[in-house]
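Chemist: Sequence:
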Amino acid sequence: MRAALARIAVAVTTMVALSFVVPLGLLNGQIARDRALNAAVQQAESLVPVLTITADPAALKKAVGSTSAGAAGHMTLYPHAGPPIGAPRTDPADLRRASTLHRSFTTPARGGTLLLRPVLLRSGEYAVVEVFIPDSEFGRGVINSWVILVLVALALVLVSVAMADRLAVRVVAAADRLAQAVTRVARGDLAARVEPDGPAELRAAGEAFNHMADQLARLLAAEREAAADLSHRLRTPLTALRVNLNGLAANPADPARMSQSQDALGRLELAIDEIIDLARRDDRETARCDAAEVVRRRLEFWSALADDQDREVDVLLPDDPLPVPVAAAELAAAVDALLGNIFRHTPHGTPFSVTVHRGRDTTGLLFSDAGPGVAEPEAALRRGASGAGSTGLGLDIARRLAESTGGSLRIDTSPMGGAQIQVWLRTGEKPLGTRSPRSRRRRSGRR
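In UniProt numbering, the protein residues as written are 1 to 447.
The set of hints was computed from the structure by calculation and includes no laboratory data. Keep in mind it's a predicted model, so treat the numbers as computed, not measured. Note that beta-carbon positions come from the ideal geometry of N, C-alpha and C, so glycine has one too. Please note that the accuracy of each hint is not assured.
[Said to hold, decoys possible] If you anchor each label on the Cβ, the simulated ranges turn out as follows:
id, residue 1, residue 2, range
1, 82, 18, 52 to 58 angstroms
2, 312, 404, 30 to 36 angstroms
3, 210, 360, 16 to 22 angstroms
4, 155, 210, 21 to 27 angstroms
5, 122, 155, 55 to 61 angstroms
6, 45, 151, 35 to 41 angstroms
7, 54, 18, 52 to 58 angstroms
8, 321, 210, 42 to 48 angstroms
9, 15, 125, 47 to 53 angstroms
10, 57, 155, 53 to 59 angstroms
11, 87, 145, 27 to 33 angstroms
12, 48, 154, 34 to 40 angstroms
13, 167, 45, 28 to 34 angstroms
14, 225, 309, 26 to 32 angstroms
Hey, can you work out the whole structure from these sequences and the hints?
Modeler: Take a look at the structure:
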């Protein structure tokens with residue numbers, strides 16, 4: 001890039017230099033010509049006073065010899081009468097023309113130019129002064145001037161290249177740092193970042209690169225969390241299957257246990273299918289589901305285990321559809337994770353309740369139990385740090401589901417004395433009341 005910028009500087013500066021060097025050189029040649037002509041005119045004018053005073057040939061010859069042009073043999077005087085004084089070069093026709101025109105003019109001659117100056121004498125006649133200007137006088141100093149102009153132009157080009165190179169160092173350095181950071185990210189170093197520097201365009205590119213790298217790191221972290229969460233979703237049907245298999249070991253002929261085991265196995269296959277579908281799903285698709293219906297189906301699945309463990313379940317669901325902006329499979333996974341936590345972390349016989357609440361622009365899912373509660377709610381919300389032999393992934397699944405809608409997850413103390421997990425999903429709908437008038441309450445226990 002530095003070489004390209006240097007070439008651009010050379011091209012631009014050369015054009016600029018030529019734009020003033022050529023005119024200045026031509027002007028200098030014209031100035032040299034004018035200077036030579038003016039000097040010749042001055043030499044001719046120096047004889048005018050002598051011619052107006054005397055016509056003596058000796059005096060006139062002395063006057064011609066006293067001039068620099070005369071001393072060099074470049075001046076000739078043509079008096080009105082008598083031979084010319086000096087070395088004549090002018091044709092007779094030009095002499096007659098000078099006497100007729102009564103003004104100075106130039107005419108070409110071999111090796112130079114002749115200046116003819118007619119002078120009016122006291123007698124009314126005209127004498128003519130001839131000054132020879134060699135061609136060398138017209139070019140005196142011109143070559144030196146061209147050399148100086150060319151040297152100045154070259155110096156200007158060199159200075160411009162040096163300045164362009166110094167200015168390019170900052171641009172090239174910023175581009176090199178950006179390229180190195182891109183290479184590091186391409187090799188797997190997701191911590192690579194670049195300090196935005198250089199021109200505005202490169203600074204914008206650096207900021208965009210940092211944003212892209214941050215987004216890539218977040219996406220990879222989200223993928224790792226999703227892999228752990230999807231694995232956690234398999235624990236729910238496995239838990240039910242393990243409970244039923246333990247019961248079958250005690251009573252192999254129990255058809256109810258066998259039916260529940262088959263149902264749990266079907267749920268396990270369905271969960272695996274959902275994991276595959278989730279991996280293939282286009283993130284641009286907008287998913288929605290009926291929260292009340294999803295919770296109802298999941299409670300029906302867990303009711304058998306609740307009956308088996310002699311748990312009393314209090315359910316409050318609206319009969320009307322309650323749409324939320326999440327996929328049914330994701331909401332079902334969150335409900336299963338929270339219900340699974342109740343079954344795993346509270347003793348058998350501990351009652352619990354599930355309430356689906358319709359709020360203003362939000363939908364709340366409240367999971368309450370009469371267990372020992374959560375000693376450190378803030379620690380429980382940290383992924384992998386819930387303690388008590390738990391991975392914390394169940395709460396993390398529900399939390400990320402809520403946050404994906406702009407909602408939140410809270411841990412509080414339930415009216416039953418244990419823990420209450422509140423999952424608030426933001427729907428953005430107009431408020432329809434805090435509770436549906438057609439809400440249905442169901443209580444179940446071991447029958």
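Chemist: It remains to establish, for every hint, whether it holds in the given structure.
Modeler: Tested hints:
no., hint, result
1, 82 / 18: 52 to 58 angstroms, "holds (56 angstroms)"
2, 312 / 404: 30 to 36 angstroms, "holds (33 angstroms)"
3, 210 / 360: 16 to 22 angstroms, "violated (39 angstroms)"
4, 155 / 210: 21 to 27 angstroms, "violated (43 angstroms)"
5, 122 / 155: 55 to 61 angstroms, "holds (60 angstroms)"
6, 45 / 151: 35 to 41 angstroms, "holds (38 angstroms)"
7, 54 / 18: 52 to 58 angstroms, "holds (56 angstroms)"
8, 321 / 210: 42 to 48 angstroms, "holds (44 angstroms)"
9, 15 / 125: 47 to 53 angstroms, "violated (60 angstroms)"
10, 57 / 155: 53 to 59 angstroms, "holds (58 angstroms)"
11, 87 / 145: 27 to 33 angstroms, "holds (32 angstroms)"
12, 48 / 154: 34 to 40 angstroms, "violated (48 angstroms)"
13, 167 / 45: 28 to 34 angstroms, "violated (58 angstroms)"
14, 225 / 309: 26 to 32 angstroms, "holds (31 angstroms)"
Violated hints, listed in ascending order, are 3, 4, 9, 12 and 13; each of the other numbered hints is respected by the structure.
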